[in-house]
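Starting from the structure of chain R, add chain Y where the hints point.
Residue numbers (full-length UniProt numbering), protein chains in the order written: chain R, 1 to 403; chain Y, 1 to 319.
These are computed hints drawn from the structure, not numbers from a lab.
Be a bit skeptical, because a hint or two may be false.
Derived DEER-like restraints, expressed as beta-carbon distance ranges [unchecked claim]: (1) R:L219 to Y:S44: 45 to 55 angstroms; (2) R:G117 to Y:L213: 35 to 45 angstroms; (3) R:L219 to Y:S131: 34 to 44 angstroms; (4) Y:N133 to R:L370: 45 to 55 angstroms; (5) Y:K223 to R:S368: 35 to 45 angstroms.
Heads up, simulated DSSO-like pairs for lysine-lysine below, C-alpha to C-alpha not over 30 angstroms straight-line [to be verified]: (6) Y:K64 to Y:K223; (7) Y:K64 to R:K314; (8) Y:K67 to R:K314; (9) Y:K125 to Y:K223.
Glycine is no exception: its CB is placed at the ideal position from the N, C-alpha and C atoms.
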Amino acid sequence: MACSAAAKIIHNPLLLSSSRSAEKSDSGCKILGPSSFLGSTSMSKKLVSVNKGVSRVSRRSANVVAVSSDVVKEKKLKSSSAASSLLITKEEGLVLYEDMVLGRFFEDMCAQMYYRGKMFGFVHLYNGQEAVSTGFIKFLKKEDCVVSTYRDHVHALSKGVPAREVMSELFGKTTGAAFTSKYKREVLKENCDEVTLAFFGDGTCNNGQFFECLNMAALWKLPIVFVVENNLWAIGMSHLRATSDPQIWKKGPAFGMPGVHVDGMDVLKVREVANEAIARARRGEGPTLVECETYRFRGHSLADPDELRDPAEKAHYATRDPITALKKYILENNLASEAELKAIEKKIDEVVEDAVEFADESPVPARSQLLENVFADPRGFGIGPDGKYRCEDPKFTEGTAQV
Amino acid sequence: MLKILRQKAGAARAVVLSSRNYSASAKQMTVREALNSALDEEMSADHRVFLMGEEVGEYQGAYKVTKGLLQKYGPERVVDTPITEAGFTGIGVGAAYYGLRPVVEFMTFNFAMQAIDHIINSAAKTNYMSSGNISVPVVFRGPNGAAAGVGAQHSQCYAAWYGAIPGLKVLSPYSSEDARGLLKAAIRDPDPVVFLENELLYGESFPVSEEVLDAGFSTPIGKAKAAEILAKDGIDAEVINLRSIRPLDRSTINASVRKTNRLVTVEEGFPQHGVGAEICASIVEDSLVISTLQSRGSLGQMSQCRMLLTLNEWLFRRL
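Next comes chain R alone, as it looks inside the complex (with noise of 0.2 angstroms):
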């Protein structure tokens, strides 16, 4: 998999110091995915620019593939299989295709229970940013920890928690899995090589606690990779009007560690730079910065009006669809028919109409459950009336106030 083309890379307008960033780019570059796949190789279009006040916002540089730090030492990068020029064989490319097919249907059944009333609260969708979970969660083993955000119902489903489970966690039944993972702090121990993955948004990233983490996390090489969902909107607020420097990436090497940016709309150049990324933490080498630049196709929640955004860039990312891309390359590749996945596609509606009928029949969760959970050790709700624990007490769960 040669790089023919040397990369050029465009800076962002409103960057000041374009001459420092030129100068650190160039020396450290290394591109990380090849020139065959998807429309982000397109690389001489830029978006339009619109007025209204909104103009700031489209002016991304489409033309960024993916650039590394020169913290990384120049690495040739293997190519993913050395009989063939192609990054997947048949069985991973299925594996990709169904998840992140999973996850687009499962986001959109979603809406449709919001709308009918069955799910309630806040609702954030995750349609057109599979590729960024997809492309790295298919990485990690059982033990791997993933941490994320609220817009995190595809980051489950791709690290294999049941669409059942998440389909009635969302509707608050008693089946419902608990979302948190459990974020590792602690320093290799031996025959330790988990790693844990945090998905955040730019919006975050103008957040000092942000910056605590990053340092945090180099200085005593934690096995962490951090992942940027860029999708350029935090809520309404755009990306470049929040922030000084709107590459992220960069953010890595000020604190010692490589910082790379990628094309998150492409699943396959994802897992290139997840695949680096991850086996660096394992090795014990410590934390990445990655900056997958894609895009949400919905709104912020399925509350929000979504008005601000300029629909030519709506329509622009539209065409980068990461799953239509990854079905073009899979046909045009040969690596299987238009059956097979029509197959898949087939098999995840069932699985996702399974899943709607699993937490609909689900049991609401009985109104004791406002104190089962809320501490470890329930001898916490302290002594009763009678001189005993209060847990101790077979009837505790059901409160005292008489509703």
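Chain Y in isolation, oriented as in the chain R frame:
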């Protein structure tokens, strides 16, 4: 749910207090409109007032409370911030030190925990620590408490937390009139004010009188209001709308309890160390007479001033 007390014959007196204007021309106003109009009027009256927060400008407010204000006052006075509560709260408090009057919006008060060091240490304590040289006329506002199923981390009520801090004024409006009057008073106030709204009330409509609609209207801070009575099924109860958590209107509460000899407190915060607990403590200090001299006399006093269970509701059920 609120448990209504049965009236004991002769023990309680019905007090009829009407706070609603029943004239046919009474205008209806939602709490959202009330807040929006209060901000608008205060911003036009005093050029030092400016808004800061996430999505307050171009998005027209995460809950549309600041709708239209960016268009009217421009981005210098309606500032969209990145997601950095600690950062922009610090900037707001600093601006208040130097004589501006910021209104800092938190998308919910749960997120204000990221900035609580600035609210308490930088804002509340500064007038005291500077011996009166630096007053901090900042308003922190946003939705507080439960919404419609948004989970444990987005549903907490912070009235008790902020209510404990000397140097802070803490307000909790209910109706549109409360919202308008108290927000105006808060913005004009020279001290830091924590203004606890509620997302579920934003869409609720209340009648407002002409007086309330006047641009000069404001409600004094620290006065509770007797709200309408519940005159159904033979129940007579004085309902007190506190409105102000700090300062707490202890005299109104105590006067009412002495009259009726009964008390129910209702809040959505956690019961221990809560606002209801503080109200009970206030009753004990100001109204409860414990006599140890005559055993019968003391029992009589105690039974007449029975304090009932503080009823608190956990309004969020799904995690």
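Starting from K64 of chain Y, check that the Cα of K223 of chain Y is at most 30 angstroms away, please.
OK: K64 of chain Y and K223 of chain Y at ~29 angstroms, within 30 angstroms.
That 34 to 44 angstroms hint for L219 of chain R and S131 of chain Y (C-beta), does it hold up?
Given about 41 angstroms between the Cβ atoms, the range holds.
Agreement of K125 of chain Y and K223 of chain Y with the hint, judged by alpha carbon distance not exceeding 30 angstroms
Holds, at about 23 angstroms.
Within a Cα-Cα threshold of 30 angstroms, do K67 of chain Y and K314 of chain R meet the stated pairing?
Given pair K67 of chain Y, K314 of chain R holds - Cα atoms ~25 angstroms apart, limit 30 angstroms.
Okay, K223 of chain Y versus S368 of chain R on CB: inside 35 to 45 angstroms?
Holds - the Cβ-Cβ distance for K223 of chain Y and S368 of chain R, about 41 angstroms, lies within 35 to 45 angstroms.
Quick check on a hinted range of 45 to 55 angstroms for L219 of chain R and S44 of chain Y, using CB atoms only.
Holds, since L219 of chain R and S44 of chain Y (Cβ atoms, about 51 angstroms apart) stay within the stated range.
Taking the beta carbons of N133 of chain Y and L370 of chain R, is their distance inside 45 to 55 angstroms?
At 48 angstroms between Cβs, range holds.
Consistency of beta-carbon spacing, L213 of chain Y to G117 of chain R, with hint 35 to 45 angstroms
About 37 angstroms separates the Cβ atoms of G117 of chain R and L213 of chain Y, which means 35 to 45 angstroms holds.
Between K64 of chain Y and K314 of chain R, does the CA-CA distance stay at or below 30 angstroms?
holds, 24 angstroms
Of the hints listed earlier, there is not a single one the structure fails to meet.
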